[in-house]
Amino acid sequence: MAIVLEPRDERTQPARIIAGYPQTPLRNPAQPLIRRAPTLSELTGPAEFGGRIGLLGGDLAGQGARQAIGQLIQLKVRVLDEDGAPVAGAMVELWQANGAGRYAHPNDDDHAPLDPNFDGAARVLTDAAGLVELRTVKPGAYPVPTKDGWWRPPHIHFSVFGRVWLSRLVTQMYFPGEPLNAFDRILNAVPDAGARERLVARLTGPTPDPYNALVYEHEIVLRGRNATPVQP
Amino acid sequence: MSLVPTGEATLGPFFPPRYVDAGANDLTTLAGRAAKGEAIEISGRVVQEDGAPLDNLVIEIWQADARGLYRHPADPRHAEADPNFLGWGRAATDKDGRYRFRTIRPGAREGRAPHINVMVMYSGLMRILKTTLFFAVSPDPVLSLVGKERGNLLIAKGKNPYEFNIRLRGENETPFFDD
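Quick note, the sequences are listed as chains A and B, same order.
Residue 163 in numbering that gives the first Met the number 0 sits at position 164 of the first sequence; the count goes up by one each step and never skips.
Residue 137 in numbering that gives the first Met the number 0 sits at position 138 of the second sequence; the count goes up by one each step and never skips.
Please keep in mind that the hints were generated in silico from the structure rather than gathered at the bench.
Keep in mind that a hint or two might mislead.
[Claimed, not checked] The following label-pair restraints were derived from C-beta to C-beta distances:
| id | chain 1 | residue 1 | chain 2 | residue 2 | range |
| --- | --- | --- | --- | --- | --- |
| 1 | B | Leu144 | A | Ala18 | 25 to 35 Å |
| 2 | A | Lys146 | B | Pro75 | 19 to 29 Å |
| 3 | A | Glu132 | B | His77 | 23 to 33 Å |
| 4 | A | Arg201 | B | Pro16 | 47 to 57 Å |
| 5 | A | Gly148 | B | Glu162 | 18 to 28 Å |
| 6 | A | Thr203 | B | Val136 | 49 to 59 Å |
[What the hints assert, rightly or not] Residues on chain A that point at chain B, a partial pick, calculated with CB under 7 Å:
| id | residue |
| --- | --- |
| 7 | Pro28 |
| 8 | Gly63 |
| 9 | Arg77 |
| 10 | Arg197 |
| 11 | Arg201 |
[Said to hold, decoys possible] Counterexamples of contact, computed for chain A against chain B with all Cβ distances above 12 Å:
| id | residue |
| --- | --- |
| 12 | Arg51 |
| 13 | Gly53 |
| 14 | Arg101 |
| 15 | Pro178 |
Note that the structure is a prediction, hence the values are computed from the model and not measured.
Note that CB positions come from ideal geometry on N, CA and C, so glycine has one too.
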């Protein structure tokens with residue numbers, strides 16, 4: 000089962016230095032990334048995890064004694080490879096702020112309240128159709144501590160393991176119709192409009208009772224011409 | 000409420016505390032059974048251009064087992080791979096930017112010198128940054144592609160424990176690959 004992958008298409012990727020994002024000029028390499036011919040080492044990767052990291056389940060809204068505070072949503076996320084084929088058994092990790100825009104993380108000292116019933120982390124495997132279904136609350140927007148009033152729009156971070164080491168992707172998912180999307184420095188670091196659109200989920204309707212959650216569908220394409228852009 | 004200065008603690012990363020499981024940086028055993036080969040320790044610091052250490056940075060490794068075999072169906076010899084070696088691990092840096100792995104010295108295979116694939120994740124990184132750790136200057140297509148001068152930055156220092164420092168940008172910047 001030899002795997003062949005095309006080089007990444009730069010048009011699918013964000014700028015590396017972003018005006019108004021003061022960390023980017025300190026951390027992104029100044030030297031060009033070196034293109035190499037992949038060998039077996041890069042064309043393999045963790046296909047199983049042997050309990051080294053454990054599944055956390057996909058119900059973020061129901062982790063605590065009570066339902067998390069916020070707008071209940073159901074996410075249907077499909078993981079696709081460079082040919083658009085579903086990736087079965089892919090490890091998908093996500094993390095997000097709570098409904099008020101606060102991360103359950105010691106480094107987040109924003110003044111928005113924590114929700115004792117929400118820690119915002121999930122880790123699940125895709126099914127045979129490349130799909131994961133998650134239940135969570137819509138994350139709140141939050142201010143970035145820069146001097147000029149940048150607010151992150153609601154977003155969810157994703158880390159995905161594809162078939163091989165070269166398929167590893169870290170990205171973010173945004174919500175449709177959010178006014179802050181137009182001003183976000185990370186989303187808009189992707190110059191290509193089509194590639195930016197691939198970062199935004201689709202609202203497809205409500206679930207039936209008893210969940211009464213709004214359903215968002217999203218696709219994460221790990222590589223190829225239609226790759227989902229990297230988002231830190 | 001006090002304003003947060005623009006600096007290290009801003010804009011994440013907010014990897015959940017549960018993201019880096021305890022023991023995920025130890026590849027020497029799997030389900031309590033020891034992998035074959037020489038156990039080694041690798042640690043290092045990750046810094047940005049101004050030399051500031053990066054706290055709570057996530058670093059992952061992927062490598063062959065002691066005989067150079069990969070636990071993945073794309074390896075035609077994967078059925079022979081060490082059943083007690085997963086080949087993958089994850090660590091987080093501490094406030095000094097230091098990470099630590101325990102693993103098995105990988106074997107050479109099909110023209111590749113012994114090496115470990117390394118990936119870093121952090122806020123502000125607009126690419127998936129991947130590099131490769133080598134244990135010695137040796138014939139290897141990836142190492143030779145990097146060239147002699149910068150290639151030295153890919154050689155781990157010492158002899159078990161090894162030190163492999165990563166500088167994301169600036170003088171002696173670690174070479175990263177367009178993967």
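Whether the CB-CB distance between Leu144/B and Ala18/A falls inside 25 to 35 Å: Roughly 33 Å apart at Cβ, these two residues keep to the hinted range, so it holds.
Outcome for the supplied range 47 to 57 Å, where the beta carbon pair is Arg201/A and Pro16/B: violated (31 Å)
Verdict on Arg101/A as a residue remote from chain B, using beta-carbon distances over 12 Å: Arg101/A not clear of chain B: closest Cβ-Cβ about 10 Å, inside 12 Å.
Agreement of hint Pro28/A with chain B interface, Cβ distance less than 7 Å: holds (5 Å)
C-beta pair Lys146/A, Pro75/B: status relative to the range 19 to 29 Å that was hinted: For Pro75/B against Lys146/A, whose Cβ atoms are near 56 Å apart, the range 19 to 29 Å is violated.
Cβ separation check - Gly53/A to all of chain B, threshold 12 Å: violated (6 Å)
Chain B contact restraint for Gly63/A - C-beta distance below 7 Å: At 14 Å from the nearest chain B Cβ, Gly63/A fails the 7 Å test, so the hint is violated.
Status of Pro178/A, Cβ more than 12 Å from any chain B Cβ: Label holds. Min Cβ-Cβ 20 Å, cutoff 12 Å.
Least C-beta distance from Arg51/A to chain B larger than 12 Å: Answer for Arg51/A: violated, closest chain B Cβ roughly 5 Å.
When the least beta-carbon distance from Arg201/A to chain B is tested against 7 Å, hint result: violated (25 Å)
Hint check, Arg197/A versus chain B [nearest Cβ-Cβ separation less than 7 Å]: violated (16 Å)
Verdict for Gly148/A, Glu162/B (Cβ pair) under range 18 to 28 Å: violated (42 Å)
Of the hints listed earlier, those the structure fails to meet are numbers 2, 4, 5, 8, 9, 10, 11, 12, 13 and 14, in rising order.
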